[in-house]
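Enquirer: Chains as they are written, first to last, in our numbering: chain A, 4 to 394; chain B, 4 to 394.
Just so you know, the hints here were simulated from the structure itself, not pulled from any lab data.
Some clues are possibly wrong.
Said to hold, decoys possible - Just a few of them, taken from the derived set where beta-carbon distance is under 7 Å, the chain A residues facing chain B:
#1 Gln60
#2 Asp69
#3 Ser72
#4 Thr80
#5 Pro187
#6 Gly380
What the hints assert, rightly or not - Residues from chain B that keep clear of chain A, each with C-beta distances beyond 10 Å, as calculated:
#7 Thr161
#8 Asp198
#9 Ala199
#10 Asn203
#11 Thr229
#12 Ala230
#13 Asp251
#14 Val280
#15 Gly325
Just so it is clear, the structure is predicted and the values come from calculations on it, not from any experiment.
All residues carry an ideal CB built from backbone N, CA and C; glycine is no exception.
2 protein chains.
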Amino acid sequence: MREVYVVGIGITAFSRLEYPLVEIAGYPAMMALQDAGLSEVDHVYVANMGASRLNKQTGLASAVVDHLSLTPAGAETIENGPASGASALKQGYMAVASGLHDTVLVTGAERMRAANNLETTDFVATLTHPLAEYVYGVTLPSLAGMFTRLYMDKYGVTPRHLSMVAVKAHANAMLNAFAHLHEPITMDGIQDGPDAATNNPMVSDPLRFYDCCPVSDGGACLILATAEIARKLGKPLVRLAGVGQATDTHAVHDRKDPTELPAVRGAAQKAFRMAGVKPSEVDVAELHDAFTILEIAESEEVGFFKKGEGHEALEKGLTRLGGELPINTSGGLKAKGHPVGATGVGQAHEIVLQLRGEAQKRQVAGARTGFTCNFGGFGNNVVCLVFQREG
Amino acid sequence: MREVYVVGIGITAFSRLEYPLVEIAGYPAMMALQDAGLSEVDHVYVANMGASRLNKQTGLASAVVDHLSLTPAGAETIENGPASGASALKQGYMAVASGLHDTVLVTGAERMRAANNLETTDFVATLTHPLAEYVYGVTLPSLAGMFTRLYMDKYGVTPRHLSMVAVKAHANAMLNAFAHLHEPITMDGIQDGPDAATNNPMVSDPLRFYDCCPVSDGGACLILATAEIARKLGKPLVRLAGVGQATDTHAVHDRKDPTELPAVRGAAQKAFRMAGVKPSEVDVAELHDAFTILEIAESEEVGFFKKGEGHEALEKGLTRLGGELPINTSGGLKAKGHPVGATGVGQAHEIVLQLRGEAQKRQVAGARTGFTCNFGGFGNNVVCLVFQREG
Chain A
4 MREVYVVGIG ITAFSRLEYP LVEIAGYPAM MALQDAGLSE VDHVYVANMG ASRLNKQTGL
64 ASAVVDHLSL TPAGAETIEN GPASGASALK QGYMAVASGL HDTVLVTGAE RMRAANNLET
124 TDFVATLTHP LAEYVYGVTL PSLAGMFTRL YMDKYGVTPR HLSMVAVKAH ANAMLNAFAH
184 LHEPITMDGI QDGPDAATNN PMVSDPLRFY DCCPVSDGGA CLILATAEIA RKLGKPLVRL
244 AGVGQATDTH AVHDRKDPTE LPAVRGAAQK AFRMAGVKPS EVDVAELHDA FTILEIAESE
304 EVGFFKKGEG HEALEKGLTR LGGELPINTS GGLKAKGHPV GATGVGQAHE IVLQLRGEAQ
364 KRQVAGARTG FTCNFGGFGN NVVCLVFQRE G
Chain B
4 MREVYVVGIG ITAFSRLEYP LVEIAGYPAM MALQDAGLSE VDHVYVANMG ASRLNKQTGL
64 ASAVVDHLSL TPAGAETIEN GPASGASALK QGYMAVASGL HDTVLVTGAE RMRAANNLET
124 TDFVATLTHP LAEYVYGVTL PSLAGMFTRL YMDKYGVTPR HLSMVAVKAH ANAMLNAFAH
184 LHEPITMDGI QDGPDAATNN PMVSDPLRFY DCCPVSDGGA CLILATAEIA RKLGKPLVRL
244 AGVGQATDTH AVHDRKDPTE LPAVRGAAQK AFRMAGVKPS EVDVAELHDA FTILEIAESE
304 EVGFFKKGEG HEALEKGLTR LGGELPINTS GGLKAKGHPV GATGVGQAHE IVLQLRGEAQ
364 KRQVAGARTG FTCNFGGFGN NVVCLVFQRE G
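Required output: the full structure, derived from the provided sequences and hints.
Expert: Okay, structure coming up:
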């Protein structure tokens, strides 16, 4: 198996974007080609979830490869719900590792805000089990609400802990020009003060407005290549060292204990084992906080903290910038935004920035090992990645 | 790079199927697991194009892996328009070749007939260039009609040649219980006789009804594995020996000569080079005859016949069962059917049957080398595969 390196990165603002999907995929790819110093690649993957339904476009990868003048390179669209991005990076890893391709461009793109809110909510809900959940009106916020309630009962997590995740995420996003939400929030404003209930209304009990990520358009790109090419291109050497994936029951109610996320645990263990890295060696991580509770739960399942102790680590400040293990320095899905198909590539983009030492005001000093967790469905298909700085 | 073998195969009827998409993906997978003698695999790919739009389902791969009780195996959906199937097989190839996974199940599935005709036609048309073709009402039959007219003018192909493709396809499909159309047709009935114009009305001039494939539901599956596992399982050894892919301009009018299909040529050349096989060594082939003209044009571009001579080879009977190089023994897309995301896996299924000597009444005697061409968009993203029998 050949080693695989990140040789170029690019990203759009995560926001409401008023240009076509092919350009949301294309701009970060052009940035990444420029960053790498490449004008062609052997293969292209596009991570996307909603093009057919929300943008009436199929064969998106073929449109993107033509738009970028990268023909005759082959191209596919990879869909794994909100974990499409990390899944596409996994395909890119295999394409290089197998020896079939030497340079692979992986661009994630989503244009969700072109559709109306009802359409978008229904679209995201189609991720649930079609016969056991979707037909009964289950949505992702409803599953997250029930999960949060169980987690509170079992582990003593409180609404204040949830708000701490949000406040941290918004503070980090203030340091990221590409983030969707540039709105500093405080514990007083969303949790403790007299106007908190008005400022932060209930969405899916016990989850309030600031516990839920925004609906974002956006794109992000990584170019992967062999060690030989990476050395020749001369960028700081960041290796994609570990790739892990695991699935769980599609319907949440089929799980023995819904507060357990075995697919997160399994994917993380595989990625760490492959990289030969322990969770305690990670310097910076991006976790999939589509809802605030998920950052807490994932920080436990991936092995950073013991089960049930994630909220305590958060409360102690271990996961904020300057803490022992900064989590979601980009602002996370919560404040950087969540263009579903692009999110996993966006997470990896942040980690590569950090490992290159290019994260500016949010730089984690001396970061050498980074980790991402991209969470598909409601934990039914999870992909974790480990990146390492060399040289 | 590790060698990759086919250790299990399965297929549904291509037809109108009245069961959920997850089962259309699931049944052929169960057949393939049974055929291989496996009860678990390391990874699952689902090839699909229309789930989100036509069946209101995303994260299909996660549903399939759970439906088959194959968790915690990872899973993704691969979309490359009508070439999704071969693209998914390419991912499977890389997953095994790279060393990341030892056994990979690739199932293609599509349920198109659940939607009404207008919706389906629009859905397929979303494959065209969104800004340069789709918005002007371009559909796949309209592109194929214009392509056919140019081909007739340049190479002397006549409507009789098109009908010969259809008659051959329907005759082969009569020998395939899983084919969509079991309707023997004759040159008299659709071309030469007094009722031909009524029996075979114009669809997209010069393409008539019997020049166009049906809209099908259906699924097909292959399981890929390492040489070591293939030998242990004891099935006839069929190796996936060559994988080639190439893209072309997304909009057909951007091509210097629209009668040329450089993506077909490029994909075939790469697949043959990788396998170390010449086109003249192929014993049986499945080409992507969504429209009759495409079988003729592809038979030239992949290197079986000289450019402009495919229709002559057809007329001489070289490509029928018993000829020198039987093409589309399954009935092809034209008569076996075209469940878009599943088609490429279905083509490979037929080739594996032939190389194992299990194709019954349509068996090509002594077939050792087989070839598939899976054509995405209107020739903008093509994947070709070479299979070889060993032992």
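Enquirer: State for each hint whether it applies.
Expert: So, going through the hints one by one against the coordinates:
A hinted interface residue such as Gln60 of chain A counts as satisfied when its beta carbon comes closer than 7 Å to some beta carbon of chain B; here the least separation is about 5 Å, so the hint holds. Restraint check, Asp69 of chain A versus chain B: the minimum CB separation of about 4 Å is within 7 Å; hint holds. Against a cut-off of 7 Å between C-beta atoms, the interface hint on Ser72 of chain A is violated, since the closest Cβ of chain B lies about 10 Å away. About 4 Å separates the beta-carbon of Thr80 of chain A from the nearest beta-carbon of chain B, less than 7 Å, and the hint is met.
Checking Pro187 of chain A against chain B by beta carbon gives a least distance of about 34 Å; that is not within 7 Å, so the hint is violated. A cut of 7 Å between beta carbons decides the hint on Gly380 of chain A: the least distance to chain B is about 5 Å, and the hint holds. The beta carbon of Thr161 of chain B sits about 31 Å from the closest Cβ of chain A, which is more than 10 Å, so the claim that it is off the interface holds. Against the 10 Å criterion, Asp198 of chain B stays outside the reach of chain A, whose nearest CB is about 38 Å from its own CB.
Listed as a non-interface residue, Ala199 of chain B keeps its Cβ farther than 10 Å from every Cβ of chain A; the least gap is roughly 35 Å. Against the 10 Å criterion, Asn203 of chain B stays outside the reach of chain A, whose nearest CB is about 29 Å from its own CB. No Cβ of chain A comes within 10 Å of the Cβ of Thr229 of chain B; the nearest lies about 13 Å off, and the non-interface call holds. The beta carbon of Ala230 of chain B is kept farther than 10 Å from every beta carbon of chain A, the shortest such distance being approximately 15 Å.
Under the 10 Å C-beta cut-off, the non-interface status given to Asp251 of chain B relative to chain A is violated; the minimum distance is some 6 Å. Every CB of chain A lies more than 10 Å from the CB of Val280 of chain B, the least distance being 17 Å, so the non-interface label holds. The non-interface label for Gly325 of chain B is consistent with chain A: the shortest C-beta to C-beta separation is roughly 35 Å, beyond 10 Å.
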